[in-house]
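Throw the hints in and build the complete structure from the sequences for me.
Protein chains: 2
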Amino acid sequence: MAISRRELIQGAAVGGAGLVVGGVVGKVALGDGDGGGGGAGGSGLSGQAQKVATDRKLSADDVTRAVKTFVPPGQPGLDTHFLFSSGGHSGQILVMGVPSLKLLKVIGVFTPEPWQGYGYGADAGDIVLRQGTTSAGGAVSKERGMLTWGDTHHPALSETKGEYDGRWLYIQDRANGRIAMVDLRDFKTKQIIDVPNLESSHGGCFVTPNSEYVHISTKTPTLTDRSKAASALTNFKDLMRGYSTFMAINQGTGRMELDRSFQVELPPYTQDLADSGKLVSDGWVFINSYNSEMAVGGNAEGGVPIEVGASKNDFDMMHVINWKKAEEVIKAGKSRTINGIKVIPLDVAAAEGVLHLIPEPKSPHGVDVAPNGNYLCVGGKLDPHVTIYGFDKIKAAIDAKNYEKIDDFGVPVLKYDAVVAGRIEVGLGPLHTQYDEKGYGYISLFLDSAVAKFSLGEPYFKGDQAFKLVDKLKVNYNIGHLVTMEGDTVKPDGKYLVALNKWSIDRFPVVGTLKPQNFQLVDLTGEKMEILSDTPIGIGEPHYVQAIKAERIKAWEVYPPGTNPLTMEKDPNAIEDGKDRLEKRGNTLEAWMTVKRSQFKPDTLRANKGDKVILHLTNVEKTPDATHGFAIPRYNINVSLDPGECVTVEFTADAEGSFAMYCTEFCSALHLEMQGWFLVIA
Amino acid sequence: MAISRRELIQGAAVGGAGLVVGGVVGKVALGDGDGGGGGAGGSGLSGQAQKVATDRKLSADDVTRAVKTFVPPGQPGLDTHFLFSSGGHSGQILVMGVPSLKLLKVIGVFTPEPWQGYGYGADAGDIVLRQGTTSAGGAVSKERGMLTWGDTHHPALSETKGEYDGRWLYIQDRANGRIAMVDLRDFKTKQIIDVPNLESSHGGCFVTPNSEYVHISTKTPTLTDRSKAASALTNFKDLMRGYSTFMAINQGTGRMELDRSFQVELPPYTQDLADSGKLVSDGWVFINSYNSEMAVGGNAEGGVPIEVGASKNDFDMMHVINWKKAEEVIKAGKSRTINGIKVIPLDVAAAEGVLHLIPEPKSPHGVDVAPNGNYLCVGGKLDPHVTIYGFDKIKAAIDAKNYEKIDDFGVPVLKYDAVVAGRIEVGLGPLHTQYDEKGYGYISLFLDSAVAKFSLGEPYFKGDQAFKLVDKLKVNYNIGHLVTMEGDTVKPDGKYLVALNKWSIDRFPVVGTLKPQNFQLVDLTGEKMEILSDTPIGIGEPHYVQAIKAERIKAWEVYPPGTNPLTMEKDPNAIEDGKDRLEKRGNTLEAWMTVKRSQFKPDTLRANKGDKVILHLTNVEKTPDATHGFAIPRYNINVSLDPGECVTVEFTADAEGSFAMYCTEFCSALHLEMQGWFLVIA
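Protein chains in written order, with our numbering: chain A, 1 to 682; chain B, 1 to 682.
Since the hints were derived computationally from the structure, they do not count as laboratory data.
Do not rely on the hints blindly, as some may be mistaken.
[Claimed, not checked] Here are the simulated BS3-like cross-link-like pairs (lysine-lysine), alpha carbons at most 27 Å apart as the crow flies:
1. A:Lys-142 / B:Lys-405
2. B:Lys-495 / A:Lys-228
3. B:Lys-612 / A:Lys-612
4. B:Lys-237 / B:Lys-405
[Said to hold, decoys possible] Stretches of chain A that chain B covers, calculated by requiring three or more beta carbons in the stretch to come under 8 Å of a beta carbon on chain B:
5. 330–341
6. 432–443
7. 511–518
8. 547–555
9. 671–680
[To be verified] Chain A regions said to be covered by chain B (calculated; three or more residues, Cβ under 8 Å):
10. 173–185
11. 227–238
Glycine included, every Cβ here is placed at the ideal spot set by N, Cα and C.
Dropping the structure here:
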């Protein structure tokens, strides 16, 4: 049975009307592989399943695990949550479904990514990546050029009243002290800011409970005068500073605005993780540190390595920052502007009560605020306890000026005993805590390769039920962070925990010398925690994850016609089908091109060598999944255009020849024929 | 219970002796989440599993699917096969396990990838990527600079006697006409060659049955004289040529050697896919084409779009190349050297019997050689048949000079009826065929969104059992290619098929406007084909996959001490633990650094602004998974060092300040303290 050539060519059979042809040509009845036998609701497990389990040597518990994690074909809703995971030094974000743990998307953030057309000629992505390399934050090497990678550590979902609202996602670059923003309508990166005065970053991102700010602080401190590098280490105390940064968020667009942002100057204690207060502690922010010893290394010149020097003291310092107070201080004009951002100097921060310190054992990693905002859990890292501070006690100590001492920088240090609510011995190498909806905390134990579950105090648990270790689960292996469903919010969802294991060792087949990380899915619904599955992470090194109920994400499937992803508004050069045109003006060739199944129009571009070429490309499709690509060989150009999307590509035609520009994203039966010619004439 | 600081600092608890600490500090017994209940061998499915299935509304068939595809924690061997998938315009390779379909690794090939330290300062990767941009293959834009992406389509595993041998993997870049080689000992890219005379590529990669050559041919033809771009389209027939390229493989190292390679010049028919003969057809290679019409477009200037012009004729041309004959022709000196490679000109190829043509309907996509080497299956794409040619018939027609005509380029066209063995109507949009071990072919139907299973002829099936459509399976949606286990070899393994669907539409949660592709795992062991699972592809657009038995891959877990991945030999600058040193010679700072848990030694580097800096880094660990990173903020440098690995980083210290160089890959309890200082003094 022939179908008309016109139908084939126009791809009418595929998506022309938004439908996919399901018809059959041929005499054999279509097998519908999509399940069906047995009916919905489960009429019991079949003998066939039992036979397969036996053949594959699966235990009964393994079968249960399989049934708990399987997302059947055609039932995507059974992935009830999403993980937004940092990609570590891949510089990207990984999006995965729970409980399937399948990888749904890699979002290009700090590293150019050509499949998404991010950083390969289209203005929308190129501008963002270029924004990310300026001299605002510090020196940039001319020879090495633009920054084309980042070390993403901490994703932060936007919040309203302390719950995730599914609008925006922020993430920071540990290596270069930068912060990016992703719009969860189209899952694309819209902004990278090279944060002034940050040469590195760790503490953040997280947002304040109504997304007023997204926080990012230094890790290794910044040299305040770059011309003094020679004495950076010998005069560390005077020349180096940390910065707690509050990047102001535009409540309409989610973009960060430097002019409304501010920093609080900190001692050079090498700040580490951070978290926002919520509810009773809304308005406050807490940051660990782990090198208040201010060790500088020198292992080949008579000094001790930093791993020794930074571990000397029994306590490091938690920074307690009152950002609402800081806002007042800024408003009162008591700040300096350094490299384009308002900074509250260290002495002012101390004098105005913006900054206090609290001793925390011993080179801690992780300060995590409980759902009610009153407890702060700190993993001791080199101390086998989780130390739990009470915000009510911290507030009381501040008000009563209950100080242990004043540190060398003039900052008051609160009395340790006055602010600790509880302390539980949990195991070796405690790092990072997340919470469930029942008043339990879950802390990762790097050295023990385990997760410890413990109870908080009142109002969750009272008397001898409070501050107790209640369960411990071995993981594989050497867990860094973990995440529970919505565990960072005022209303955790419990159900699952994902252990982000750093070493996979023997858990996966050997695929070369660089082994993947291991995400282990843990069931929290039983009396004891139980591992359900191992999942290799094929690209990147996740450090921290946020897990959100899938229903909160309301992403777009198509763009409003002519949208430029950078502005999220109609591009002035967007065109409708049939309105394509070409203009040659002196040494400039400008084209307004439509892109659809299965041609670019115009499909032939002729430039003279040296011409400036400006191409405005509009995907005029309206059907979900009707993405097209546009590549120009040899010119390192690849654009990805989703339905409705419009971008501009600008370059110089400095290489002569004939270049077959083509669609990179398989779009139709005649996808291969979706090609044109770009001629550069000498 | 305290453990000594020394133990913690040296990370003795983690991997010091290759072991992970499993001990417990604390009063709660460790829960071992790793299964165990029920025993191996399967004692039947539990009531608990049944309850879960009911709660999650899984049908009995879904439970069976879950049990068929689940790989339990700690049992990686249950992934019996690997997929090596192209990443499309991500420019990378994806490695996945079967049947779990989990992503084990993304291999950086044409696109820099910082997690692997590929293209971010380390010589091993930088050299490879730089190799990939030369002017040998064609013009390169100075303004746009180095090529930093590719469009990977066809991975090819090395073969011995027509079976996969697990040593090397090749893949081509459709966009720029390049080819890369990956070493399957460490799963890293070792070579990129910008193939002379190729401006694009599709036909390949595949290897000849003993890996003598890896093949790559043009897609859109090359302009033979770049100064004539102005008449490229009007004088297409004279100025444009295709090239079938045989890249010679060094049998010891797997590297490609241009001086032993050669090309056969082809008419500008826009060659498409290709495959190698095997067994009876060993020594021959077959390439589709789809624009023998030589349509050039011009949709905005009175011409017809290419999608119409290229679909005009009822037949395009399959190219049949006798490469053993070609070798003789080269040896006899009947070639020209063009841009550094020996080329057999078109007229010589025709005259010497190196090249013949066969009509193939209608704008075909896919020529796939059956396991016994005698059948070639061609998907009609715009013709709803699979056309099956017999190599015995082709050989006979060639020997008898049984021609239909001589084409405009002097190439003989064999008589269609003389070489067709069978023709089966399979459905709309047939593309690509793979095989099982029983004599069946499986062909993808893009427009029907289905897979059709058909029987071959003798010796597999005889009489009316031969050349029959036997089954058809709906897939979701719009399948491009497919792969069966070892389906490209002389001994396919059957068992599973993976459908590489281009459109996912509603199969996954909405994660923005760019939707993932869908890999559907299909069970071939039953009477009817059956879909087992859907898997989203989070990055890239796979085009073609090769599936290999996992046991054939013998990858390394560590390097021999001091190995540079580029040479796979000991680096002359590799050092042992304790042999670190620093040299300042005038304007050059050179350091030989050791890298191990948890310090770089030396950890302090002082350069004067403008100095040349040369760092030789050796990871002196011996334990699997003890990978370290090395990043220099602001200088766009990130290195990844696996156990035993040694690389060199060279750059100019042209930006002053203090830069906290640090380990990017979480390696130990004191990973954060694994940091040093790089001071650049003005």
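Exercise. Looking back at the numbered hints, which does the structure fail to meet, lowest number first?
Worked result: 1, 2, 3, 5, 6
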